[in-house]
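**Student:** One-letter residues, chain by chain:
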Amino acid sequence: MTQAPEVVEKPEGEGPPSWLERVAPRDIDWRSLVIIPSLAVLSALIVGAVFIVFTEGLDAILPAYRALFSGAFLGWSSISETLLVATPLILAGLAVALGFRAGLFNIGAEGQMTVGGLIAVIAGFSFDGLPAIVHIPLALLAGFLGGALWGFIPGLLRAKTGAHEVITTIMLNFIAFRSLDYILKLPGIQAEGRFDPISQPVLPSSRLPRILAWLPIDGAGGLRLHVGFLVALAMAWVVYWLLFKTTWGFEFRAVGANPHAAKYGGMSVTVAIILVMTLSGALAGMAGGNETLGVLGRASPGFTAAIGFDAIALALLGRSHPGGVVLSAVLFGALRAGGRTMQVQSEVGIDLIVIIQALIIVFIAAPELVRAIYRVRGGKETGQLTRGWST
Amino acid sequence: MTAVVDAATLVRAPAEVRRARVRGIIYLILAVGTYGLLASGTEGDVIFRLGEVAGDLDWAVSSKGLATFSAAVFGFLGGWEVTRGVGRWSNVALAIALGIFAFAFLGFAAAGKSLSLVGMLDGSVKAATPIAFGALSGVMCERVAVINIGIEGMLLTGAFMGAVMGTIVGPVVGVIGAALAGGVMAAGLAVLAIKYRVDQIIAGVVINIFALGLTSFLSAQLLVENSTAFNSPGVLRPIPLPLLSDIPVLGRILFEQNIFVYAMFVIVAVLSYGLFKTRWGLRSRAVGEHPKAADTLGINVFRTRYVNVILGGMIAGLGGAYFTLGSVGAFNENMTAGRGYIGLAAMIFGRWHPVGALAAALVFGFADSLQVKLAILDSGIPSEFLLMAPYLVTIVVVAGVVGAARPPAADGQPYVKE
Chain A
1 MTQAPEVVEK
11 PEGEGPPSWL
21 ERVAPRDIDW
31 RSLVIIPSLA
41 VLSALIVGAV
51 FIVFTEGLDA
61 ILPAYRALFS
71 GAFLGWSSIS
81 ETLLVATPLI
91 LAGLAVALGF
101 RAGLFNIGAE
111 GQMTVGGLIA
121 VIAGFSFDGL
131 PAIVHIPLAL
141 LAGFLGGALW
151 GFIPGLLRAK
161 TGAHEVITTI
171 MLNFIAFRSL
181 DYILKLPGIQ
191 AEGRFDPISQ
201 PVLPSSRLPR
211 ILAWLPIDGA
221 GGLRLHVGFL
231 VALAMAWVVY
241 WLLFKTTWGF
251 EFRAVGANPH
261 AAKYGGMSVT
271 VAIILVMTLS
281 GALAGMAGGN
291 ETLGVLGRAS
301 PGFTAAIGFD
311 AIALALLGRS
321 HPGGVVLSAV
331 LFGALRAGGR
341 TMQVQSEVGI
351 DLIVIIQALI
361 IVFIAAPELV
371 RAIYRVRGGK
381 ETGQLTRGWS
391 T
Chain B
1001 MTAVVDAATL
1011 VRAPAEVRRA
1021 RVRGIIYLIL
1031 AVGTYGLLAS
1041 GTEGDVIFRL
1051 GEVAGDLDWA
1061 VSSKGLATFS
1071 AAVFGFLGGW
1081 EVTRGVGRWS
1091 NVALAIALGI
1101 FAFAFLGFAA
1111 AGKSLSLVGM
1121 LDGSVKAATP
1131 IAFGALSGVM
1141 CERVAVINIG
1151 IEGMLLTGAF
1161 MGAVMGTIVG
1171 PVVGVIGAAL
1181 AGGVMAAGLA
1191 VLAIKYRVDQ
1201 IIAGVVINIF
1211 ALGLTSFLSA
1221 QLLVENSTAF
1231 NSPGVLRPIP
1241 LPLLSDIPVL
1251 GRILFEQNIF
1261 VYAMFVIVAV
1271 LSYGLFKTRW
1281 GLRSRAVGEH
1291 PKAADTLGIN
1301 VFRTRYVNVI
1311 LGGMIAGLGG
1321 AYFTLGSVGA
1331 FNENMTAGRG
1341 YIGLAAMIFG
1351 RWHPVGALAA
1361 ALVFGFADSL
1371 QVKLAILDSG
1381 IPSEFLLMAP
1391 YLVTIVVVAG
1401 VVGAARPPAA
1411 DGQPYVKE
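Protein sequences, first through last, are from chains A and B.
Quick note: the first sequence, position 74, residue 74 per the numbering used here, numbers continuous.
If you count the second sequence from 1, you need to add 1000 to reach the numbering used here.
Treat the hints with care, since some could be wrong.
[Claimed, not checked] No more than 25 Å apart at the CA atoms, straight line, and that leaves these computed lysine to any residue pairs for SDA-like:
| # | chain 1 | residue 1 | chain 2 | residue 2 |
| --- | --- | --- | --- | --- |
| 1 | B | K1113 | B | V1249 |
| 2 | B | K1195 | A | V41 |
| 3 | A | K185 | B | Q1371 |
[As the list claims (entries may be wrong)] Partial list, derived from the structure: chain A residues whose beta carbon lies under 7 Å from chain B:
| # | residue |
| --- | --- |
| 4 | A159 |
| 5 | I170 |
| 6 | M171 |
| 7 | F174 |
| 8 | Y182 |
| 9 | G349 |
| 10 | L352 |
| 11 | A358 |
| 12 | E368 |
| 13 | A372 |
[What the hints assert, rightly or not] Rough simulated footprint, nothing fancy, chain B against chain A, three-plus residues with beta-carbon under 8 Å:
| # | region |
| --- | --- |
| 14 | 44-58 |
| 15 | 190-198 |
| 16 | 359-366 |
It is worth saying that the hints were derived from the structure and are not from the lab.
Even glycine gets a Cβ: it sits at the ideal position worked out from N, Cα and C.
Isolated chain A, as found in the complex (with noise of 0.2 Å):
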């Protein structure tokens, strides 16, 4: 392991913020904790209703965002459905936001989120007879298990080789989704009769159970919001507990901030990078389980959407910060919501969204943007970002 001479160049205190300061800040500043992430969702918005105007003309925006709004937030079956579409999206989130802490990119969130819902799925067929009490747990474990292989492999690679895992991620990302369309068409795995690649149904007793079946309204049995929200709500807290609250944490945080400083400091940079990753990745597995188990019900090529993807942004919008991950998580749910009653609604497609999204990444990566615009004052962030394959 050569040391980069950068690190020996840069007269201490005196540096701009490194890389993971700007994705991670630790300490808590309500500039660019609250306002920043504020700018840059309504900066995305103006930019989105630019778009709108372009292909639909201006009269197109205010119906479009109103039902945007609506679907995302006006009434149970909306909050429903926000909730639904977050609960992925937090755990994923997690996942990008614990490798941000120990200062590594998971990228693969997509593919160990692929593994987990896949291996989920078996598991949700396979155990005929078992009551659900056991049952659901044990799906969601395997799909845990199953994304924590996916993260194991990069981390080992990482910490052994060297390679980076942003490159070993992707390839891992493209593997995952090639073997799924390989397995889905094994006999035992596939549905019977059927000859495209799609897998048997998973049992009732290891579907997740919706939570909102109880409201005394019409219709409230089918609100689809299931369990697996709670679930991802209490893997935010262990996260937050693992990461402020443990030695190991500590440790994950050390090695992200300085990995030479943790390894004169006596910790294995070799074992926090490997437990990072697989831990980041069984996260994710648990995202593709909640998916599979609480929504879809079997596994088909492409099931993981993009969540994987999204979930770079949002860990980016939370800070990587547990709470903000969850609250980001939330925010996207009520976009992608509301996404969809806006295609219904109005002229305006759900792409829309995903171009939103994008935007909101620019500003939020590029704060010195949002400064310029809103003239914030503040909370210095012109970062240097030092990072590139060879460290």
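Please arrange chain B on chain A, whose structure you already have, making use of the hints.
**Tutor:** Relative to chain A, chain B alone:
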């Protein structure tokens, strides 16, 4: 420079010796596996058709002999790596061994049948084209130390703009528009990475998400309803080059293609010369290796980076136009389907060199073409595993098992002028 290389080959570093041993053991395992699985299980001949029609230029080989030869090559390389080490040519050795293995594999899959080799190689070149454009775009950016994860997004915008401009105005304007669209995306990456010093991987991810959202949105809003007005550019026909296309076998594969394939070869030649033999290339590489030193010598680091990244984006945009104007003839949502990431992989496998990038793209294109062929042959071998090959190879390369590839020293680091 040469003295350093010579010294390095005379005295091998312990890490390199260890890597060579690992490679050697892997080769030996491959040799045993190839012999055990391919050579012992096949009977009969495979007929490789080299001509246009059956009977014209046929080449019959024993499947078993071919597999045994492939196993012998693996065994030889394994022995060489374990004892002495192949050294800097290990990537080339691997490529040749894998090429021979591919033939042995084909012989195994198509034993007793005949196979149009020309058709397959032609398919390889076609499949390799967009991958090569993506890889060359990556080379342009990373040689000046800007990581380009956004190749996929640039390909996609190029494909979209190529279809729209190609339909409204004409194919030539479509190609130019595609290059410009790729350039605009790259300018976005450049501004984020160079001016605002956003983490370059995040900036690239943004480009990909934004391009996917933008093209899907515009496609759903405009193209789907008015496909005749916006989305029916037609396909650019192959242009047989006079004389060259008459060469048997090779002529059909290399010189009877459309303009994109020729452009790919021209860009590889121009970049190989430009990057390593001209003042511009020296300056670019200096900016990528040690920007501070380059700045001290009066090279404008920022301008060099902006120019090269935008040119790189234009190359990717051109590659994107291949999808709509060169092969499919219309734009579909997310039609690039991860080719940009394979391009990134090809750039790494090709060691940040234009010729290497092209060679890697051809290898990956061959895997793609082979996969299509195997599905047609109905050999019972799952084609998904061949589609995985580029990704597996890339992981092996970045893990340093094969030819420790070294990126430009300052890759990924923004430059701050003092």
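**Student:** Hint by hint, which ones does the structure fall short of?
**Tutor:** 4, 13 and 15
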